[in-house]
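Using the sequences and the hints given, assemble the complete structure.
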Amino acid sequence: MVNGHEVEMAVKVEKMYDLAYDKVVEMLQKNVVVLRVIDDQLLVFENMTRKELLEILEENGGI
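Using my numbering, the letters of the sequence shown correspond one by one to residues 49 to 111.
Hint data in this document are derived by calculation from the structure and do not stem from the laboratory. Incorrect hints may appear among the rest.
[Said to hold, decoys possible] Computed list of lysine-lysine pairs in DSS-like fashion (alpha-carbon distance at most 27 Å, straight line):
no.: 1; residue 1: Lys78; residue 2: Lys63
no.: 2; residue 1: Lys78; residue 2: Lys99
no.: 3; residue 1: Lys71; residue 2: Lys60
[Said to hold, decoys possible] Okay, the calculated beta carbon distance ranges per label pair:
no.: 4; residue 1: Val61; residue 2: Asp87; range: 32 to 38 Å
no.: 5; residue 1: Asn51; residue 2: Asn108; range: 29 to 35 Å
no.: 6; residue 1: Lys60; residue 2: Glu107; range: 18 to 24 Å
no.: 7; residue 1: Tyr69; residue 2: Lys99; range: 46 to 52 Å
no.: 8; residue 1: Arg84; residue 2: Glu54; range: 40 to 46 Å
The beta carbon of each residue, even a glycine, is placed where N, CA and C say it ideally should be.
Here you go:
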């Protein structure tokens, strides 16, 4: 048997999930250029340093 509290909690959890999903989609869309540059670098060199990653983020406006 489902009570009102369980339904209320399920609704809250679903709302949190939806908000998190929307935020992730927005972040990926904003950073698509950065992700492509990182992808290209990794295909060539197979790894990168923290410094290289930060440079890519800075040069391409990543968040």
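Evaluated hints:
The suggested pairing of Lys78 with Lys63 holds, with an alpha-carbon distance near 23 Å, which does not exceed 27 Å. A distance of roughly 21 Å separates the Cα atoms of Lys78 and Lys99; the hinted pair therefore holds under the 27 Å criterion. Restraint check for Lys71 and Lys60: satisfied, since their Cα atoms lie roughly 17 Å apart, inside the 27 Å limit. Take Val61 and Asp87: their Cβ atoms lie about 33 Å apart, and the range 32 to 38 Å holds.
In this structure, Asn51 and Asn108 break the distance hint of 29 to 35 Å, their C-beta atoms being roughly 51 Å apart. In this structure the supplied range 18 to 24 Å is violated for Lys60 paired with Glu107, their Cβ-Cβ distance being about 40 Å. For the pair Tyr69 and Lys99, the supplied restraint of 46 to 52 Å is violated, since their beta-carbon distance comes to about 32 Å. At about 44 Å, the beta-carbon gap between Arg84 and Glu54 stays in the expected band of 40 to 46 Å.
Of the numbered hints given earlier, the model fails hints 5, 6 and 7; all others are met.
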